[in-house]
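All chains, please: the whole structure from these sequences, using the hints.
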Amino acid sequence: MSVSLSVNDLLACCGFLCGSGCNGGYPISAWRYFRRSGVVTEECDPYFDQTGCQHPGCEPAYPTPKCQRKCKVENQAWKENKHFSVNAYRVHSNPHDIMAEVYKNGPVEVAFTVYEDFAHYKSGVYKHITGGVMGGHAVKLIGWGTSDAGEDYWVHC
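Just so you know, UniProt numbering puts 73 at position 73 of the sequence shown, and the rest follows in order with no gaps.
Don't take every hint at face value.
Unchecked claim - Derived pair list, reagent style EDC-like, types lysine to aspartate or glutamate, alpha-carbon separation capped at 20 Å:
(1) Lys82 - Glu42
(2) Lys79 - Asp97
(3) Lys72 - Glu42
(4) Lys66 - Asp97
(5) Lys122 - Glu151
(6) Lys70 - Glu101
(7) Lys66 - Glu42
What the hints assert, rightly or not - Okay, the calculated beta carbon distance ranges per label pair:
(8) Ser147 - Val3: 22 to 32 Å
(9) Phe84 - Glu116: 36 to 46 Å
(10) Trp144 - Val86: 41 to 51 Å
(11) Gly124 - Arg90: 44 to 54 Å
(12) Gly145 - Glu74: 23 to 33 Å
(13) Thr146 - Val73: 43 to 53 Å
(14) Ser147 - Leu17: 36 to 46 Å
(15) Glu80 - Lys127: 45 to 55 Å
(16) Lys127 - Gly24: 39 to 49 Å
For the record, the hints were derived by calculation from the structure and aren't laboratory data.
Each residue gets a CB set at the ideal place from its N, CA and C atoms; glycine is no exception.
Below, the structure written as structure tokens:
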């Protein structure tokens, strides 16, 4: 069974425990919220805006929506619509531990520091060269490899 979970539930209802809504947050806290409180379906609580949140510093910036705790679809109760994670855990940041986790259990969520030059990245293996820290970014890591130049890299989506 495939279920589309509500981004809005996590974004708006996890609150300060997960971070700052549209201004970013903490992936492990979001996973713990999913395990502890559950997340409703996208049908129950659709994303608040077609434009959505923007990255900090990008205009226009949108405020985090308020948590409504009420399904938009009639005859659906919020509490009964919740889906829960079985577990939430960290993997050591050692590359071999991450590879073993992906090999054994599939994609993992990772976070990395974003610098100003990341906005101009086009292709190949990204390497920070210039510019200050802009914040962090969480992505799904699905694999790894080594470039023809011998540079190890992670594959994100």
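Cross-check of the supplied hints:
| no. | hint | result |
| --- | --- | --- |
| 1 | Lys82 - Glu42 | 11 Å, holds |
| 2 | Lys79 - Asp97 | 36 Å, violated |
| 3 | Lys72 - Glu42 | 10 Å, holds |
| 4 | Lys66 - Asp97 | 38 Å, violated |
| 5 | Lys122 - Glu151 | 17 Å, holds |
| 6 | Lys70 - Glu101 | 36 Å, violated |
| 7 | Lys66 - Glu42 | 16 Å, holds |
| 8 | Ser147 - Val3: 22 to 32 Å | 37 Å, violated |
| 9 | Phe84 - Glu116: 36 to 46 Å | 39 Å, holds |
| 10 | Trp144 - Val86: 41 to 51 Å | 25 Å, violated |
| 11 | Gly124 - Arg90: 44 to 54 Å | 29 Å, violated |
| 12 | Gly145 - Glu74: 23 to 33 Å | 49 Å, violated |
| 13 | Thr146 - Val73: 43 to 53 Å | 48 Å, holds |
| 14 | Ser147 - Leu17: 36 to 46 Å | 39 Å, holds |
| 15 | Glu80 - Lys127: 45 to 55 Å | 49 Å, holds |
| 16 | Lys127 - Gly24: 39 to 49 Å | 23 Å, violated |
Hint check: violations occur at hints 2, 4, 6, 8, 10, 11, 12 and 16; the rest are consistent with the structure.
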